[in-house]
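Protein chains: 2
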Amino acid sequence: MTQFMNRKEDIVTDAIDGAIRASGGDLVRLDGYPYIRVVARADWDKSKVALVSGGGSGHEPAHAGFVGPGMLTAAVCGDVFASPSVDAVLAGILAVTGAAGCLLIVKNYTGDRLNFGLAAERARAFGLSVNMVIVDDDIALPDLPQPRGVAGTLFVHKIAGGLAENGGDLASVTAAANRVIEGTMSLGMSLDTCTVPGSPKEHRIPEGKAELGLGIHGEAGIEQIAFESAAQAMQTIAGRLAPCMSDMPYAAILNNLGGTSALEMSVLSNELAVSEIGGRIKLLVGPATMMSSLDMRGFSVSICPLGEVDEQLLAQPCPMTAWPGAKTLGPIETLQLSDRLTPIKSLSSEHAETAELLRKCCKILIAAEGDLNALDAISGDGDTGSTLASAGRALIVSIDSLPLADHALLFRAIGQELSQTMGGSSGALLAIFFAAAGDGASSGLLLQDALKAGLQRMQEIGGARLGDRTMIDALQPALNVLDKGIGAAAAAARRGADYTATLTKANAGRAAYISAVRLQGNIDPGAEAVARLFEQLQT
Amino acid sequence: MTQFMNRKEDIVTDAIDGAIRASGGDLVRLDGYPYIRVVARADWDKSKVALVSGGGSGHEPAHAGFVGPGMLTAAVCGDVFASPSVDAVLAGILAVTGAAGCLLIVKNYTGDRLNFGLAAERARAFGLSVNMVIVDDDIALPDLPQPRGVAGTLFVHKIAGGLAENGGDLASVTAAANRVIEGTMSLGMSLDTCTVPGSPKEHRIPEGKAELGLGIHGEAGIEQIAFESAAQAMQTIAGRLAPCMSDMPYAAILNNLGGTSALEMSVLSNELAVSEIGGRIKLLVGPATMMSSLDMRGFSVSICPLGEVDEQLLAQPCPMTAWPGAKTLGPIETLQLSDRLTPIKSLSSEHAETAELLRKCCKILIAAEGDLNALDAISGDGDTGSTLASAGRALIVSIDSLPLADHALLFRAIGQELSQTMGGSSGALLAIFFAAAGDGASSGLLLQDALKAGLQRMQEIGGARLGDRTMIDALQPALNVLDKGIGAAAAAARRGADYTATLTKANAGRAAYISAVRLQGNIDPGAEAVARLFEQLQT
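Protein sequences appear in the order of chains B and U. All residue numbers for the first sequence refer to the working numbering, where the first residue is 1 and numbers rise by one. All residue numbers for the second sequence refer to the working numbering, where the first residue is 1 and numbers rise by one.
Copies of the same chain look alike in the list, so a pair counts if it fits in one copy or across any two.
Dumping the calculated SDA-like pairs for lysine to any residue here, alpha-carbon to alpha-carbon at most 25 angstroms:
1) 363 to 400
2) 327 to 317
3) 201 to 225
4) 327 to 182
5) 282 to 231
6) 327 to 311
7) 345 to 425
8) 8 to 34
9) 209 to 199
10) 201 to 2
11) 452 to 146
12) 345 to 124
In short, the hints are calculated from the structure, not lab data.
Using the sequences and the hints, build the whole thing.
Here's what the structure looks like:
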């Protein structure tokens with residue numbers, strides 16, 4: 001698959017440079033490209049214990065994204081999924097280690113153990129105090145004496161890093177790291193493999209299957225299981241973690257392996273909370289992409305028992321964007337719906353003349369149904385007539401229950417009626433027209449100006465302008481001359497409606513997608529409806 | 001493609017519940033499931049202007065992830081890629097709007113405009129002050145009168161939200177939102193389409209092509225272009241944005257559309273910085289997944305001119321994890337490599353007996369090359385003999401330049417020599433063995449104990465234990481009795497080596513992957529090498 005990279009050989013240095021540029025001056029790198037790729041804190045003064053981690057690249061934001069106050073001092077980056085060299089690790093150690101010493105946090109892979117281990121020996125030969133811990137949190141392969149290090153490593157970074165930031169000495173920082181490693185367990189599941197830069201993608205996991213217990217380097221999981229749902233996926237993971245847990249409260253990391261959508265990750269958060277281990281999780285870190293496997297569509301859950309000290313260290317804020325913080329995994333609080341959600345119906349009032357006018361309008365629209373549908377069949381889906389006629393039929397039934405004696409209340413009531421009985425965009429737009437006209441009338445505008453205010457709001461929200469081949473082409477000229485009488489309005493509406501037949505490009509609504517040839521010579525059905533209404537109200 | 005969800009109908013409510021549970025008590029929802037899906041700030045007291053946004057789901061963390069102090073007050077969530085209903089929007093407005101009023105921030109899609117617009121009318125009928133702004137930042141389709149709203153919407157949330165948080169009134173918050181909308185432009189590019197929950201994936205973009213100017217709902221881009229590299233991709237985007245930019249400094253959002261790996265996003269950060277618009281970008285937000293299109297493998301760049309006030313509001317911290325902060329897009333600072341990276345060679349010293357012993361060891365290993373290779377062919381790749389013989393040949397040449405008279409210096413020097421001349425895991429492990437033995441000798445340990453310290457460090461780092469079918473099975477028993485003379489050590493080493501032939505399960509190294517049948521009856525080549533060394537040193 002194509003990827004956003006330049007030369008494959010440069011992907012790690014390009015990415016490191018990008019991370020440094022985007023860090024706002026918080027990160028620097030060693031001047032050792034291309035072989036030595038070390039990212040370090042810009043503000044580091046060697047006054048405290050340094051924490052150095054790293055390994056192969058392809059796990060971003062790990063590890064460079066976690067370099068900063070309270071976590072790592074430096075990250076040593078290898079090629080994608082390959083350990084950095086001894087020299088690179090040594091360069092990292094030498095760059096950040098002062099009298100307080102340095103802790104190397106290494107994930108349990110042979111290459112990392114050896115290269116970090118050898119670098120530690122060379123650093124010690126210079127008289128530096130260097131300790132090393134090996135993270136082996138993966139429980140996918142229970143019989144293997146050397147479990148892999150995966151996302152649980154972040155607990156070590158955060159808790160040991162927090163202690164170092166608070167001034168802990170090398171022995172206590174190392175002890176904290178080992179305490180976290182002792183209790184941390186992780187397990188992952190994926191629906192698809194990752195795409196290694198420059199390599200063809202391996203399609204290993206068939207549709208409907210999930211791989212359980214995969215690593216973070218594209219290696220196959222211990223088993224492929226039938227995938228049913230997010231709930232079943234999380235139950236499977238929780239079911240494997242649960243037997244290993246003690247009675248202590250736990251922290252959990254919900255890690256996106258890279259390609260899972262944020263929507264799905266939130267679904268998984270919910271499933272984790274309601275899973276058999278959910279009640280024992282006090283703090284949740286994530287969901288977030290923290291220890292990725294490039295673009296893998298999967299997730300992992302890591303858990304760590306929380307003593308009081310570790311809980312404080314884990315929750316201690318740190319400024320790096322990649323660290324999502326540790327938050328209590330909580331219940332769902334809800335707010336009651338407002339009782340205003342059901343529209344208040346205005347009390348009906350009598351006004352014979354208005355009732356008559358309204359009834360007449362409805363009848364005009366009902367009578368126009370066939371003609372308007374025919375016009376709409378040319379530019380749309382042929383239902384403008386039916387939509388307006390339905391609204392007319394509904395309104396005619398409820399006329400006597402309307403507040404006929406008050407324009408402001410009446411317009412609003414018509415708006416409510418239309419929003420409930422007339423579907424689609426046109427229903428919503430007419431509802432907005434009448435609601436805003438009601439607002440205008442209520443604020444003291446005269447009838448014509450209130451209706452014009454309604455038109456303006458409808459245009460703001462609908463986005464159509466004069467000449468866009470909509471009902472506005474008839475309605476706007478009509479309202480503009482309404483003070484000169486219904487005859488003037490009708491003439492203006494007709495001129496506007498006829499004008500739409502000359503418009504060969506619609507800019508709004510569905511007609512925007514219709515070719516000019518089809519539109520030519522045909523009046524817009526909305527504009528025709530408006531013109532007929534005004535014309536027939538004269539009679 | 002399979003996805004981490006349960007019932008398709010529940011994906012949005014499941015995800016909202018997950019987001020609320022993971023918010024640490026910062027978020028609540030309205031009690032209106034399944035139709036009314038509104039997420040709101042838990043700490044909201046209606047004392048300031050409320051900001052309500054939302055729209056279709058599938059853009060996570062937008063919009064619920066941006067609900068919190070300094071951004072949104074509430075998010076109204078529709079189905080995936082579908083506008084929420086009028087009632088849902090109204091419920092959101094009613095839940096959070098106090099005397100200071102409410103600003104609706106709506107992306108420019110017909111459904112959202114209408115539903116938010118109509119809800120605003122209904123809220124106004126209750127006497128609430130409600131303004132609405134329409135975000136139309138997409139420049140993909142320059143001729144369309146109604147450009148889409150995409151990731152640039154986040155500038156509006158942050159700047160208007162910051163002003164509201166600081167106590168701005170509705171008019172000034174609305175003016176700020178409109179000012180940001182006026183200047184904001186966005187453009188996206190993708191290498192693959194997104195996977196809509198429950199629908200088969202459309203494979204629209206062929207290998208080697210990228211789609212330019214796509215929306216955030218899976219709709220096709222304006223054109224498919226040949227994709228060459230991250231640099232070309234960003235140059236294309238920057239080239240379209242540049243002509244629209246003024247002389248002001250700008251902020252940029254680098255948005256992951258969902259499925260792009262973090263590694264690639266960092267490469268794109270670098271390319272943005274060095275692009276033709278890089279020098280005009282003062283603040284960068286991201287790279288991060290902020291306005292996603294489910295799992296789309298793509299990115300977008302949004303830019304916004306930065307007046308002084310807007311710059312402050314954009315940079316103002318806010319606590320939501322989804323907001324990555326706005327940081328200066330900076331140069332790359334580097335640190336010089338330590339001059340200790342080149343190992344210091346100890347001065348040579350003479351000691352005839354030691355030189356003779358070393359020479360003898362080398363010759364023994366060189367002579368054993370063929371036999372050891374044959375043994376390794378059974379359990380590994382057949383090169384143990386050659387690896388050890390090469391190291392022996394290199395060492396024998398340099399014997400006279402070694403610090404022969406000082407055990408501590410000598411062991412360290414041998415370690416250095418091996419780390420440079422002997423490849424693979426075994427080279428690194430032996431280098432660690434000698435380096436740690438040198439440390440032990442330097443700290444005053446006697447020869448046997450120094451070598452045992454070396455063994456211990458090698459085991460710590462390599463992870464192999466007695467019985468794991470490695471050289472340790474011969475070396476450890478030999479070192480344990482070294483004080484009883486070379487004869488005792490040789491006998492112990494031989495017993496240990498022979499014992500490995502009975503071990504049918506290797507737990508470390510490559511042999512861990514070989515079947516028991518193949519291993520049965522064959523001595524581990526590393527253990528054999530150790531046994532031969534001690535045996536032949538006797539003679």
